[in-house]
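*Asks:* Sequence:
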Amino acid sequence: MDGHLDAPPVGLPAKESCAHGAGAPISRIVAEVAARFPGERITLGEMAEAFGDRAFGLLILLLLLPSLLPGMASVFGLPVLLLGIQMGLGRRTPKLPAFIARQSVKRTDLLRLTAGDSKWMARIETYVRPRPGFFTSPFGDRIFGWLTAYVALMLILPGPGTNGPPAFGNIVMALGLVEHDNRVMAWGVGLTVAGCIFATAVLTIVCWLGVQALGWIF
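Be aware that the sequence shown starts at 1, since it is given in this note's numbering, and climbs by one per residue.
Take these hints with a grain of salt, some might be off.
[What the hints assert, rightly or not] Here are the in silico distance ranges between beta carbons for each label pair:
no. : residue 1 : residue 2 : range
1   : Arg-92    : Cys-207   : 16 to 24 angstroms
2   : Val-193   : Ile-85    : 14 to 22 angstroms
3   : Leu-65    : Ala-213   : 34 to 42 angstroms
4   : Arg-91    : Val-206   : 27 to 35 angstroms
5   : Thr-126   : Trp-208   : 38 to 46 angstroms
6   : Ser-137   : Val-206   : 32 to 40 angstroms
Quick caveat, the hints were computed from the structure, so don't treat them as lab data. Being a predicted model, the structure only gives us computed values, none of them experimental. Quick reminder that beta carbons are idealized off the backbone N, C-alpha and C, glycines included.
Construct all of the structure, not just a fragment, from the sequences and the given hints.
*Replies:* Below is the structure:
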């Protein structure tokens, strides 16, 4: 099931449908894609194509949410790193390697983002809205990309308490990116930088203690 999805139902073509929902809330876009792919699972490659110019933000958002759970961060670090580098280099849409494009999520898990009991999403959507500015520009996209790549490194490298702070900031950035909201992007950038500084400091201390421990042993 992971490498195959049922054909989309008859309706609007993928590009036309995504363009129509370009200004829609996140929940509407996710629900629209889930409706067009009725299979049990949806691959990241299919989502990248369906989400169009919002693919970077939504894929990063979907990959980062599980990273807030203990022990899950390193699993998603590499895909997030590749997406971040591509954005940092100025790509407008992601090009996923085959082994990542084949990865899939359950359709039911995707729909949980749009369920009526997802109060956190509803609260965010009451505030997040299109607001153009510096961080929604092509240069802002590059900043987002390189910050995301750095966050991914923090997720991949082992360290006590170093996953949550940068991942949370990156999630806020991704929400702003998806909705083209300069203000939310700015908040996310600040939170991400602060989280990365914290994670880097912790990892530096851990490395220093490791070197000192080796010195004591040998």
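*Asks:* Each hint: holds or not?
*Replies:* Hint by hint, here is what the structure shows:
At about 37 angstroms, the beta-carbon gap between Arg-92 and Cys-207 misses the expected band of 16 to 24 angstroms. Separated by about 18 angstroms at the C-beta atoms, Val-193 and Ile-85 satisfy the suggested range of 14 to 22 angstroms. One distance hint, 34 to 42 angstroms for the beta-carbon pair Leu-65 and Ala-213, holds here, with the actual separation near 35 angstroms. The hinted window of 27 to 35 angstroms between Arg-91 and Val-206 holds, with their beta carbons roughly 34 angstroms apart.
For the pair Thr-126 and Trp-208, the supplied restraint of 38 to 46 angstroms holds, since their beta-carbon distance comes to about 45 angstroms. Here the CB-CB span from Ser-137 to Val-206 is close to 37 angstroms, well matched to the stated 32 to 40 angstroms.
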